[in-house]
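> As a plain string of letters, each chain reads:
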Amino acid sequence: MRAELSTIQQTLTPEAASVLTRSIAEAARRSHGQTTPLHVAATLLATPSGLLRQACIRSHPQSSHPLQCRALELCFSVALDRIPGSNPSPSGESGALPEPPISNALMAALKRAQANQRRGCPELQQQPLLAVKVELEQLLVSILDDPSVSRVMREASFSSIAVKAAVEQSISSSISTPAAAAAAVNTPSIASFVTAAPPSAASRFLGLTNHAGPRHNLYINPRIQQHQANDGSCIPAAAAGTAGDQPRTEEVKRVLDILLRPKKRNPILVGDCNLDAVIKEVLQRIQSSDAQPPLRNTQVLPFAKEIATAAPDHSQITIKIRELSSSIEFMIGGESGVILDLGDLKWLVESPSVSTGSGPIQPPVVSEAGRAAVQEVGRLLRRFEEGCRVWLVGTATCATYLRCQVYHPTMENDWDLQAVPIAQRSSSLFHMFPRVGSNGVVTSSVDNPAPVKGLTGMGATALPLRHQPRTNLCAVCMENYERELSRLVADEFLKHSTKPEASQALPQWLQLAKLGSGGGAKSPSSPLQSKEEELLWKQSTEELLKKWCETCSRLHPRFHHQSHVGFGSSLSPPASKPSSVVRPHPRCEPKLTLSRGLSPPRLESSQDAVAPPGSPVRTDLVLGSSKASDSSSDSSHKDRLKDFTGCTPDAFSGQQQRAKIAGISDIDTFKRLFQGLAEKVSWQQEAASAVATVVMRCKSGNGKRRNVGSKGDAWLLLLGPDRVGKRKMANALSELVFGTGPTTVSFGRGSDGESNVSCRGRTSMDRIVEAVQRNPFSVVVLEDIDQADMLLQGKVKQAMERGRLSDSYGREVNVGSVIFVLTADWLPEELKSSHSSLLRYEEKILDSACCGWELELSTADMPGKRRPSRACDDDRPTKLRKDSSTGTGLSLDLNLAVGTDAAEAAEGSRNSSDLTTEHEYDKGRLSINCSTFSLAPDLAELVDEAVTFKPVDLGPLRRSILESASVKFAAVMGKGRAIRIDDDALDRIVGGLWLGGASIDDWAERALVPSLKQLRDNLRADRGVVVLRLSTIKGNRAQQQRRSDGDWLPAAVAIAIDGSHDKGFL
Amino acid sequence: MGIVEEAHNLRVIGRADGERGTIVLAHGFGTDQSVWKHLVPHLVEDYRVVLFDNMGAGTTNPDYFDFDRYTTLEGYALDLLAILEELRLGPCIFVGHSVSAAIGAIASISRPDLFSKLVMLSASPRYLNDVDYFGGFEQEELDQLFDAMRSNYKAWVSGFAPLAVGGDLDSVAVQEFSRTLFNIRPDIALCVAQTIFQSDLREILGLVMVPCHILQSSKDLAVPVVVSEYLHRNLGGKSIVEVMPSEGHLPQLSSPDIVIPVLLRHIRYDIAV
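Those protein sequence lines, which keep their order, are chains A and B.
Those letters in the first sequence? Residues 1 to 1066, per the working numbering, in order.
Those letters in the second sequence? Residues 10001 to 10273, per the working numbering, in order.
Check each hint, because a few of them may be wrong.
Said to hold, decoys possible - Derived SDA-like pairs (lysine to any residue); straight-line CA-CA distance at most 20 Å:
1. A/LYS346 to B/PHE10067
2. A/LYS346 to B/GLN10194
3. B/LYS10219 to B/HIS10232
4. A/LYS346 to B/ASP10068
5. A/LYS346 to B/ASP10066
6. B/LYS10219 to A/GLU812
7. A/LYS346 to A/GLN375
8. B/LYS10037 to A/GLU812
9. A/LYS111 to A/GLN9
10. B/LYS10219 to A/GLU770
11. A/LYS671 to A/GLN685
12. B/LYS10219 to A/ARG811
13. B/LYS10238 to B/GLU10203
14. A/LYS346 to B/GLU10203
15. A/LYS346 to B/THR10071
16. A/LYS844 to A/TRP826
17. A/LYS346 to B/ASP10200
Read the hints as simulated data drawn from the structure, not as lab findings.
This is chain A alone, in the form it adopts within the complex:
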């Protein structure tokens, strides 16, 4: 401890160190266990001409009474007596008492002092810690910050905050220039001067921010106030009458009074209307002969106009103001003064140059010009300070004034401004109560809020709460309180009177910072300081009020009682006596409250406590907004359907609206849709009709209502074997309804090669969600849903029920207006049995069409040249056998099946030339087919409609191909030659045509005819060949890769005649 103490001593200036030593000695003398801030405070107080004593005297309104300080001393000694002594050291050696160690609180105070000291001296900042010596003043300030000290001081009815302010005041003045110091010396005179000013001046002091105190809420939107006034059935008519008669005299008087004051004498009218009128009247009054002495013979300079003529460029403004300054000097000459009419202060916070008229509102950028102007005017004012011959008047809306405070934090002080709130005229409320105890000066400025609020139904419960502190003062105490308050004001004035100098001098380091940041960037700490001061001020006034409340309740319990009773109805004179600064919610220990009371547990302290809510409360509302807000014009539905491209909600709501006007247009739409579908999928007329019906029904809002959330979604289940038909149906539907292609997610053996397993990390569900998200107005095809795993089917089912899809991350997306088309191969038993051959053939066709294949022409008398094709033919029976076996319901383990599928997919064997592999694949696929054949039963029930596609009979198509080919052949080759088309080749052509949707004639013309022609040329000499054979070639060649989309047929036919074979394709 001892060593530590010596270290501490080194950080203090000799003065401060001696104080500490004496405190320790005092603690030792009282045999206290520790040396606390109280000891230090007592020691500081004990020095007769000490700083603390002086500060206390200055801070205390009744400073003239030396007994006050005596009381403080007593309080401290009592407090010290209360400190429990340490276990009285049994050792008898009284001479060398062990020095009581420094308490934590005191240590903290010392640290604070040190920090403050270093902050205050920029030149010392780089030096090692020890080089900074804490001066006595700093020590004092930090001691005053100590809660225990401030408590004791309060007991003696001193505000430690006020005292601290006084100390800081003296510190700043000692740092500042001699002139400021002189001002500080002049304290008494100035103070007494200001004391004359009524207490509400104090509120002015803080500008706008404090006005919002208990009186009337300055922040309120004037329109609301106006409304309030207009509302005013509750306003006594008589009062309203007087208010109406009374012109703006009150405000004018107030403004004039401010002009007459020595400090804070430049009124800025803050309000949202009638400002100009008031200003005009004020200026008229001044120029008239009955103005009071200092204001007589003053001239009014329309400063705003001068500025307005100056270019927005700030250098010009500076020059302009300087010019003005010299002309003012000239004008001031004899007894006359000059009033600068600043006009609306808006130009300070808005750059005037950028308003280009019609353009959008420009961002409120604070121009350099504004800043320059603030500085220049401040300089100007300082220049004419001593004569008190130059005044500023101006107006500002609440918003402007707030912004001035924010953007030009020093302006209020530099310009010596006084905000004067001007109430809405129409809200004549503020004149209806006679001003009790209006002492003629600014007191009347703010109005009696209590009655106003009471009358206008302002929260009646809040009323007593709000005004209790004030109203609880009896007349005597009120008077005392006000006197104290004015004293406080005096101090505050004093502090600020050093400001003009201090604005440069006070925080030296701040100035440096300002320079460092190029002047442009504002130093954030300077406004902070003023804010702190404000806060301080507020706190000190509060403390004062509280003190007097307590005193009053102690001394005059009777009054207290009365006032309580009578408050609601009548306003006793003292009660209405304003003391605008008061912020009555009791905050007795502001420091403590701020630092301790409010801080909840730290963020890090217990992360586990942050249990995220298990299930956030969901309140999904059914919102028919698009429907409700729809006032769409009745354009014809055809147009609407045409416009259906993508996400035009209008079109959609139009569709919805059909529910209301379900009539002829509905039928039109239906017809269009049906015709479109039937055209595309001509062989499935019934299905097309069913699909069209369902879609129309759903889109008109009459779909099966599975859920409450969504409205526009539709779920179609296309059943049956006709893969191509289903796909085409979906395509056509999407084109017709939304004008875009559908998004297909395939779960089965899909020819797209997509599989059920995740594709690039995204599951099929993700793909669905993505599709929905990308375009909520589209058709999403879930192909072969019956082959999807149960999990996915479950999810789809859920989506139907809830109207929302969730992806693998659990993110949910509304299904919106998507039409979901599910396809499945399932077919009712009776249909299946009756059409088994058709089914098988379709299967075969599809398979054959899927593989890469080419056609070639050869002479028929060269048999068996192409083995692969024969092998393929041979292969078929096996497959058919397998196929038929599926009908019997072979069931396999689902997991196994999927595994096989995945393995197959990995091999990518679809297009492999290895026939055995392909065969294997087929087997695998088939087994899957039968295993997942079960479509979740309720899936079929949940969908809006299940449309069954009949098995297609491809026979006619086949026949027409044969016919067409023969016709072409005959046309090219002439008579005498025949063509034989292999079954396999024919099947493949059928499949290709069916899938691709091209017409046989087109294809024949494009692919077959050129080859035939070439062949004809080549064969001319060759008499012997009469029969040509069209067969498929598979495997070996390079053309196994899938043809470009939509082109299922070979673009050319190879010629494989001896000698010409190598020519290959055309």
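Following the hints, put chain B in place on chain A, whose structure we already have.
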């Protein structure tokens, strides 16, 4: 209820004693207090919760909307201060979404005593790009936006809502936002939007001394993620940034599952020193 309270549809709910403090929830552009519907149920147990509508929201009386007062954000800040003054609830935790975060910041500069901390959700000090600042918008884009608003408000709403919320055109969140957006009188909406998009708080960020919790969607049309970093660096007081894996400018509406826990955490806990 006083006129101010009434005009702002002010509601004070939850614990009457406000034992753990008072929370003021302020909504952003195009919404009203209902935007907090997911959050409020989690707060009422512990806090006194103050809900109100900004002037100009669809639920407020358009007659009160003063086109002069609300050409700058200060007008809204004054409203906020008026409310807090009226309520006299002492320092509050202010949760502001979007523009309201900015409003709260402005208000906190002139009355730091009324705010114990600011929770800023999807806040931006400036939406326009600048030489050394990326706000996400170019002036031309904004002009287009304003033109679109002027020419056909309804069409604009139906386009803007899904954009702002973030995809998912017909989700409940988009519908909800469309609803509140559409409730606003078009001329008022235009004025408000102009005020917001042309606002620039960068200069005064340094004056905000109240601790700020900056919460931000990882994908937000209106506020790029860098903006939250900018706020963090330039705010005068302590601040903390959390970028949430949510999308859109109204994450409290569109992804409450993600956002509400984060919000609650930041409401309950202070920035550790």
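> None of the hints should be skipped; say for each whether it holds.
Outcome of the hint check:
no. : hint                     : verdict
1   : A/LYS346 to B/PHE10067   : holds, 16 Å
2   : A/LYS346 to B/GLN10194   : holds, 19 Å
3   : B/LYS10219 to B/HIS10232 : holds, 18 Å
4   : A/LYS346 to B/ASP10068   : holds, 12 Å
5   : A/LYS346 to B/ASP10066   : holds, 17 Å
6   : B/LYS10219 to A/GLU812   : holds, 17 Å
7   : A/LYS346 to A/GLN375     : holds, 16 Å
8   : B/LYS10037 to A/GLU812   : holds, 19 Å
9   : A/LYS111 to A/GLN9       : holds, 12 Å
10  : B/LYS10219 to A/GLU770   : holds, 17 Å
11  : A/LYS671 to A/GLN685     : holds, 13 Å
12  : B/LYS10219 to A/ARG811   : holds, 15 Å
13  : B/LYS10238 to B/GLU10203 : holds, 17 Å
14  : A/LYS346 to B/GLU10203   : holds, 17 Å
15  : A/LYS346 to B/THR10071   : holds, 12 Å
16  : A/LYS844 to A/TRP826     : holds, 17 Å
17  : A/LYS346 to B/ASP10200   : holds, 17 Å
Against the hints set out earlier in the document, no violation occurs for any number.
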